[in-house]
Every structure is written in structure tokens, then in C-alpha cells.
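**Q** Next come the chains, spelled out residue by residue.
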Amino acid sequence: MEYEVVIGLEVHTELSTKTKIFCGCTTEFGGQPNTHVCPVCMGLPGSLPHLNKMVVEYAIKAGLALNCSITRYGRMDRKSIFYPDCPKNYQITQNDLPICRDGFIEIELEDGSTKKIGIEGIHIEEDAAKLLHTTVGTLVDFNRSGVPLTEIVSKPDLRSAKEAVQYLERLKSILSCIGVSDCKMEEGSLRCDANVSIMEKGSNVFGVRCEIKNMNSFKSLEKAINFEVNRQIASIEAGKKLSQDTRRWDDAKNVTVVMRSKEFANDYRYFPEGDLVTLNIDNNWIEEIRKTIPELPYEKEQRFVEQFKIPKYDAAVLTLTTSMADFFEKTAQISGDAKSASNWLMGDISKIMKENAVCVEALKFTPAQLAELIKLINAGTISNSMGKKVIVDMFNTGKSPKAIVDEKGLIQNSDEGAILQVVKKVLGSNFKSIEDYKNGKTKVIGFLVGIVMKETKGKANPQIVNKLMNEEMKKY
Amino acid sequence: MELYKLKAHELKNMIKNREVKVEEVTKEFLNRIHKTDEKIGAYLYKAEEEAKASAKTLDEKIAKGEILQGLGGVPVAIKDNISVKEMQNTCASNILKGYIAPYDATVSEKIRENNGIILGKLNMDEFAMGSSNENSAFKKVVNPWNSLYVPGGSSGASAAAVAAFETPLSLGTETGGSVRQPASFCSVVGLKPTYGRISRYGVVAFGSTLDQVGTIGRDVEDCALLTQNIAGVDNKDFTTVNIPVQDYSKSLTKDLKGRKIGIPVEYFGEGLDDGVRKTIDEAIKVLKDNGAEVKECSLPLSEYALATYYIISSAEASSNLARFDGIKFGHRSKEAKDAIDIYFKSRSEGFGREVKRRIMLGTYVLSAGYYDAYYKKALKVRNLIKQDFDRVLKEFDAVVCPTSPTTAFKFGEKTKDVLSMYLSDIYTVPVNISGNPAISVPCGFVNNLPVGLQFIGNYFREDTLFNLAYSYEASTEWHKKSALIE
Chain A
27 MEYEVVIGLE
37 VHTELSTKTK
47 IFCGCTTEFG
57 GQPNTHVCPV
67 CMGLPGSLPH
77 LNKMVVEYAI
87 KAGLALNCSI
97 TRYGRMDRKS
107 IFYPDCPKNY
117 QITQNDLPIC
127 RDGFIEIELE
137 DGSTKKIGIE
147 GIHIEEDAAK
157 LLHTTVGTLV
167 DFNRSGVPLT
177 EIVSKPDLRS
187 AKEAVQYLER
197 LKSILSCIGV
207 SDCKMEEGSL
217 RCDANVSIME
227 KGSNVFGVRC
237 EIKNMNSFKS
247 LEKAINFEVN
257 RQIASIEAGK
267 KLSQDTRRWD
277 DAKNVTVVMR
287 SKEFANDYRY
297 FPEGDLVTLN
307 IDNNWIEEIR
317 KTIPELPYEK
327 EQRFVEQFKI
337 PKYDAAVLTL
347 TTSMADFFEK
357 TAQISGDAKS
367 ASNWLMGDIS
377 KIMKENAVCV
387 EALKFTPAQL
397 AELIKLINAG
407 TISNSMGKKV
417 IVDMFNTGKS
427 PKAIVDEKGL
437 IQNSDEGAIL
447 QVVKKVLGSN
457 FKSIEDYKNG
467 KTKVIGFLVG
477 IVMKETKGKA
487 NPQIVNKLMN
497 EEMKKY
Chain B
-1 MELYKLKAHE
9 LKNMIKNREV
19 KVEEVTKEFL
29 NRIHKTDEKI
39 GAYLYKAEEE
49 AKASAKTLDE
59 KIAKGEILQG
69 LGGVPVAIKD
79 NISVKEMQNT
89 CASNILKGYI
99 APYDATVSEK
109 IRENNGIILG
119 KLNMDEFAMG
129 SSNENSAFKK
139 VVNPWNSLYV
149 PGGSSGASAA
159 AVAAFETPLS
169 LGTETGGSVR
179 QPASFCSVVG
189 LKPTYGRISR
199 YGVVAFGSTL
209 DQVGTIGRDV
219 EDCALLTQNI
229 AGVDNKDFTT
239 VNIPVQDYSK
249 SLTKDLKGRK
259 IGIPVEYFGE
269 GLDDGVRKTI
279 DEAIKVLKDN
289 GAEVKECSLP
299 LSEYALATYY
309 IISSAEASSN
319 LARFDGIKFG
329 HRSKEAKDAI
339 DIYFKSRSEG
349 FGREVKRRIM
359 LGTYVLSAGY
369 YDAYYKKALK
379 VRNLIKQDFD
389 RVLKEFDAVV
399 CPTSPTTAFK
409 FGEKTKDVLS
419 MYLSDIYTVP
429 VNISGNPAIS
439 VPCGFVNNLP
449 VGLQFIGNYF
459 REDTLFNLAY
469 SYEASTEWHK
479 KSALIE
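Sequences listed follow chains A and B, in order.
When we follow this note's numbering, the leftmost residue of the first sequence carries the number 27, and every step to the right adds one.
When we follow this note's numbering, the leftmost residue of the second sequence carries the number -1, and every step to the right adds one.
There could be a bad hint or two in this list.
As the list claims (entries may be wrong) - Keeping only pairs whose Cα atoms sit at most 20 angstroms apart, straight-line, the calculated EDC-like set for lysine to aspartate or glutamate is:
{"#": "1", "chain 1": "A", "residue 1": "156", "chain 2": "B", "residue 2": "336"}
{"#": "2", "chain 1": "B", "residue 1": "3", "chain 2": "B", "residue 2": "21"}
{"#": "3", "chain 1": "B", "residue 1": "343", "chain 2": "A", "residue 2": "111"}
{"#": "4", "chain 1": "B", "residue 1": "374", "chain 2": "A", "residue 2": "122"}
{"#": "5", "chain 1": "B", "residue 1": "378", "chain 2": "A", "residue 2": "122"}
{"#": "6", "chain 1": "B", "residue 1": "375", "chain 2": "A", "residue 2": "122"}
Rather than coming from a laboratory, the hints here were simulated on the basis of the structure.
Use the sequences and the hints to build the structure in full.
**A** Written out as C-alpha cells, the structure is:
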């Protein structure tokens, strides 16, 4: 039987406001345990929440960037959860009157077409404290307690792990672009749960879904969904009935395991938070916020394709983060060679950044310096392969490419007379290769060019070497 | 002259005129507490050292020529569910035994800023749940007028301490009549302000949408003085409202010409004690004599207030009391083995019967499948009750009725029959549901036990209530009678 996969994602992002959602404590990550706390975020008797306006503003901003409609009338609710990381044993969140509803993100399918993934809604809530399991017992650090979160719930529109990953990538790039969250999965400021089910292809009745938690990277999201799909198919084909479980992804073992099944599901006993009044959001405020939204990644992507004539794929990758997009745009403008700018950034530079775990913001060289490198290559002053060495130096030292080229004497030799002498010398000591060439093994040209390049310490202009080598060979 | 017998505004004037030092006044009340509180049982914590130190500071200010504004050096005692920095805040519950508040409630802060002296923390029904103060986990409070009778509740000690001259002023809290009913039982003046008039920050929550801090004094002027000094918007409490606080001293006038007062017929029906009825009828005559136009009116939905109240307040309590779990503060069971065990055992050991009853009731009405039938419906009825008051108070400046259907009852009389206990709040609870302000003022005695006259007013019109209560008080002698305890 053929199956269709149905996936919906619930994404929690910590908002990058300076202070917590219901008190004036800092939201800064880390810090000595229980130093970013006050009576409110520790849930001391008598303390009351006061809502941070910036949190609402950020949620509205996210909603506008994700094509949502913004409510004019919102409310906070209490969700009952008895757990030591929840200081009041209820979480202040939003149940049925979230700030944003009915948005979408466009993703690109493999055939190049685009698909709209619906967003059910966006609501705001408080983060929980952190439990530290130590040898002396479990300790609670309340620094994170009350850090503002948005929960962005997608509609069950995703049909594969790949689509889910792409959706999350797009979501992440939009949220970081508008500056509402730093979206660091490794610090937990972006967390994703997936609801996964399968149904018979063409059916319109959803199967029994499982919720998967604890996926800390795009890779684990993809692996977890694929594992879950296969598990569910195998279960059904074995004639078993699926149960609606909450499962946890085990990254080490590459499996999902049951955390709790539906029979033990919590009754959260939602009811309105009486300590906070209803949220009245007026049109003027929404319009003010709309004005602060910069060009979004997908808008930028389209513009890059049109303005710089780079492939859509390049544009999509370059616009995943604002910093990368800005770096590209400046380099392209200064160098006048957008394709080269794109190639360098997506190729060598991305590779070096990844190897050294460095982000664009931390690069030592500037777009102007990268543009200078591109110009040096285009002018034939250095070869492309020399450029690859120069970029490493630029990365390590932040020196200008010109300075590096001068220092290391890397200037390309385009003097045909001088190169010809080396070519002749190489041919004179490689009669075997000449024989081979005559016998039709034209590949030896490459071997001989290589020797010339080595002799010239890589400085000879490779195009000229090629040309001369071919001409000389014909003389034999 | 016995200083402790003076009213707050009288003491304030004497201090201002340098006839007496703040320290002398403070010591006088501390002595009084030592002498009588063993019988009364009002204080759970006597802040002797703190009070003396504050008094000294204020006397130094006076010595430098400063005139103390606000409370002017007068002592205030505070119910033990309102946070006062570095003092216990037990809510008269074993689960908070040993808990010391690390911060001031906004009202405590305001009392300090406005030159009040905090005398100590007052007994109450556990977590403010009760109408007789019999639910305190620590000790009982007696009615100063007759020690066989309860002082009312939950702010029973707040009323008893003022009636027994153990403090000139006190703060209580109301969720459903908890200031007015004991004020009525102990013959003192008690105000439940409009919801949103006084900050709840630092007040241990019972029913968040109902709770208000209430003020108690031996006469209307004292009650107004205390209210004046703690009311107003607070950015730490989102439910406070930014409406200016009137100058209540201007409301203390006798003439009621032009005032229209309604008599809600539903508040004089079955269950009202005949003696109380007669007393109230007499009191209404005084209002007429003072120039008010008095007319019958109808608040038919008040009948549903008590049922609505027990659903909403219990639902909110079940959530508000969730934080008392033995993890972070208060009582932790010594028997507990793991986190879940800590919850179960600490809460089982720490909470009393009435509190458990309300938590269970509240949890039930919020549960999946029952929410719509109970909690959601209660919210709808609440709206109708509000509309009832809005309609009547468009026509009248206030309505007048008994505070409680009976005078104080005996210890143990209603503890077996919970519903009869709940019914003693039948006239006070409707305004907690609607949010309107109401005041109880002494209006006589039945069998030597006090009766309270209640006025209910429009939102944020505490000034009107003080005016009506003052006018009545100025024409009668009840507030001059002293409780028997010596």
C-alpha cells in the first residue's frame, strides 16, 4: 500500500527581548544559577505578573512576517502543570485567543514549484526553569523561568521530512531576519516538536498521530520524522493499532521512544489568567510594527535573482541569514561580479566557516576585501587556485588580498616567453609522455601542465601554460 | 489618658502637635497586645523590634522639624497573607510555616512610605478561606464583644484586633466578604474597595479576579485615612486602574441632601434575622433624616452570587495554591521520596480541611468535560450580576442592606454544616463577584452582639460610601461603644 505522510510542527522560540515576559529580570543566557530572578519569576507567594509590551510587539512582528492576521483582542490563560521546573505549577500561556492566526510560509518543492505551509497560530508564553540533575539531587535554576517564548503551530500541511526541514529553515531565517529571536537551536532558543502520522495515499482521514519531542538540530528533525514514518508503516502493516503517544527522539540511538501515551495525558485545566487584563491591540500599533519589518528572506531571494542574475538556488542559500545576504550583496556590488561573490561565499568561505565554527558576523575580512580578491582573479593577477589559498589567509589574518599576494609573491606570471622556456624544459625531459600523446593519450597534457605549474611554484598563468603546451606538443 | 483607646486620626493629630511621640504610641499598643492578645488571639507575629525601630526613625524626622504626612506615625497591623519584607507570611497555614517574605507587598511599602508603623501580622482563616476564623491552623481568634463567639472571617483577627484596641488600624483581605463580615461582627468599620483600587501585589492570591485588600478602623474617618494611603494604580498589578484617588476627607460630611439610596428587597428576605432586620430598618430612618432619598429597588440576580462565587473562587484557588508544593518554600514532608511524593505528602500534611475542600472543588470545575457546565457558566452569571448592579447604580448613589444576615455565631456552631457557614456571606459576596466597592459600618446590637450596616456603591466611588457611612455614624453613638475585654 502507498502511504502519505502528514506532519505538523510546533516551534518554540525564545524572544530576544532584554527582559522577561512578566518581570524586569534579564533574559540573558547562562549566568550563575538563580541570579536572574525575582519574586515574580520564582513564583513567590503574592507575586503578580506584569506583561512586557515588547513581547507582544515581537509576537505581532513575527505574525506579520508570517502572513498572519493579528487579533485585536487577546488573552492570557493558565495551563496547569505540576512539575518542579514550573514555579507556580501553572504556565501562563494563551489557549484560545492567541495573538496571531492563519498565516503561511512558502517552501520550494524539488520540482521547483512552491507550496504554502499554513500556520495555525502564534501565541506567547513563559519558559520554564531548568532542572539540573546532580549527584546531590535535582536542583532548579530559575534563570530561564519567565523568558518569553512564542509557540508557532503549523497546520498539518507538511508531507515529508524534507519539507519539514525546509519549513523550519525558512521559519528560522524569517524570525532571525526580523530580529525577534536569535533562533539558536544549540542554546535552546529554537525548539521544535513534530506531530507525525501516516494515512493511505489519497485518503482525507488522518491517521493516529504521535508527537515527537527533543530534536535539537535540523538533522535530528529529519532523522526522527523518517524513523517515525517507517515505524508507523511497519506497525500498520504488521496489523498493529497505533496509539497516540508522545515520543522522545534519542539522538544517540537514532530511535523515538515513548514518553507517555494518551491515556496518561495531562488535563491542563486551562482557564483565563485573572492577574492580567485582556490584550487590546489597535490598528495603529500594528501598522507601527509593520513599518519596522525589514526586507524578508524570500523577498530578498527574489530580488537577488532579478538584480544579480544569480541562480534561484544560490539566492535561497545566501538569504538564509541576513548577515550572509548582506555580505553577499555588498561584495557583489563592489566587485561587480555577483556570480563569483556567490561562488566564493557558498563554496570555500562556507566550508572554512563550518570547519572553524565561525559565523558571518565573526569573519575577519570585509565584503570589500572579498571583492578585491575577485577583481584580482578576474584581472588575471592571480589564478583561481591561488585565490583559494589567499582566502584562507584572509580568513585567518583579516589582511587584504593584495597584501597577502604581495607578501607571498603570488602574482601570476603571464610572460609567454618565460613560460615557454619552462614548457620546453619539461617536454625535453619527458619523452615518454610525448610518445604517449602521439599514441592518442591526450590526457598527458594535464600531467605535463601540472609539472610546469609545480616548476613555476604555481605562479604561471594556467591558461597560457595550457595554450603553449598544446602548441609545442604539436611540433613533435 | 489611655492612648490605645484613641482613634487613628486623633493619634495622628497628637503626634503632629508633638503631644506624644510615635515611640510612645507604638509602645502603648505593644503593651496592649501583651495584655490582651492572649485572650483575643489576633496576632500571629508581633513585630516589636521592627515597630520600635520604625517609630524611632519617625521621631527623628519629627525632631528635625518634619511634619509626618499620610498615616502620621500611627500603627497598622497586617493580615498574615500580605507580604511584609522579612516577616513571616503564613496565611495561617502549616504549609507556609516558617516562610519569611523576602519582599514588601505594594500596600506594605505604601504604609512605610506614608509613615505608618507595622505592628505585626494578624491571624486569619487558612488562606482566607472561612467566615469565622476557625480555620486558622495556629490558634483561634475570639470576638472581643463576647469570647464565646467568633469574630467572623476570614479577616477575623483584623477586625478583632481593632475592636480590642490592639491596633488603631488594620489591613484585611476580601475574596467574598472577608473584611465586611468580621467588621460587622466586631463593630468596626470595614471597606472592600472596588476591584482594581488597591494593589494586590504581594498579597497571597486566593481568587485573583475577586481578591482585594480591605481596610479596617474604629470609625469611618480612620477607615478613610488608611484607604487614602494605600489606594491607587500600581504597575506591579495589571488589574489596578489608573483613576485618581479622591480626597476622602472631603467626603466626611453629614448632610445627605440629594443622595439617592436604594433598598434591594432581595437582601431583606428569608434567612435575615429579625433583630438584624429591625436594626437595619432603624438605620435607614437615620439616612432619611439626614436628607437622603430612600427607595426600594431590586437586585434579583444576587441570589446566584454565592453559587457563582464558590465556583469561581475555588477554581482560581485551585490554581493559585498550586505553587505550595514543598519544592521551593514552606513545608516539605519528611516522608517524601521523590518529586511527586513531595507534592502529595507536603500538600496532604500542609493544607487544612477547608483548603483541601476548595482545591478539590476548583480542580473539578476546571476539569475537561466540566468546565463549560460550571466555570464557563459561572463567568456568564457573573456578567449578569454585574449588569444587575450597573442598572441599579445608574439610578442610585448606593444601595443599603445588612452586612450579614445574623450577628456573630458561637464557636463550633457552623463548622459541621459548611453550607450554613457559607450562607453568612450571602449579602457580602455579590459585590466581590461584580467588583463594586462596599463598606460595613456599626449600626447597633442584638443581644449585645454587633450589627453592621452595608453600603454598596458604584465603581471607584469609595468617596460616596465614606460619605454615607460617615453621615450615619455622625448621627449615632455605636462607634463610641467599647468591647468588654480588658
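**Q** Just to be careful, I want the Cα atoms of residue 378 of chain B and residue 122 of chain A compared with a cutoff of 20 angstroms; is the pair within it?
**A** 17 angstroms, holds
**Q** Measure nothing beyond the straight line between the CA atoms of residue 374 of chain B and residue 122 of chain A; if it is 20 angstroms or shorter, mark the hint as holding.
**A** 14 angstroms, holds
**Q** Would the pair residue 343 of chain B and residue 111 of chain A pass a check requiring their Cα atoms to be no farther apart than 20 angstroms?
**A** 19 angstroms, holds
**Q** Tell me if the straight-line CA distance from residue 3 of chain B to residue 21 of chain B falls inside 20 angstroms.
**A** The given pair, whose Cα atoms are some 16 angstroms apart, holds under the 20 angstroms limit.
**Q** Are the Cα positions of residue 375 of chain B and residue 122 of chain A separated by 20 angstroms at most?
**A** Given pair residue 375 of chain B, residue 122 of chain A holds - Cα atoms ~17 angstroms apart, limit 20 angstroms.
**Q** Can the restraint linking residue 156 of chain A and residue 336 of chain B be considered satisfied, given a maximum Cα separation of 20 angstroms?
**A** 18 angstroms, holds
Hint check: no violations occur; every hint is consistent with the structure.
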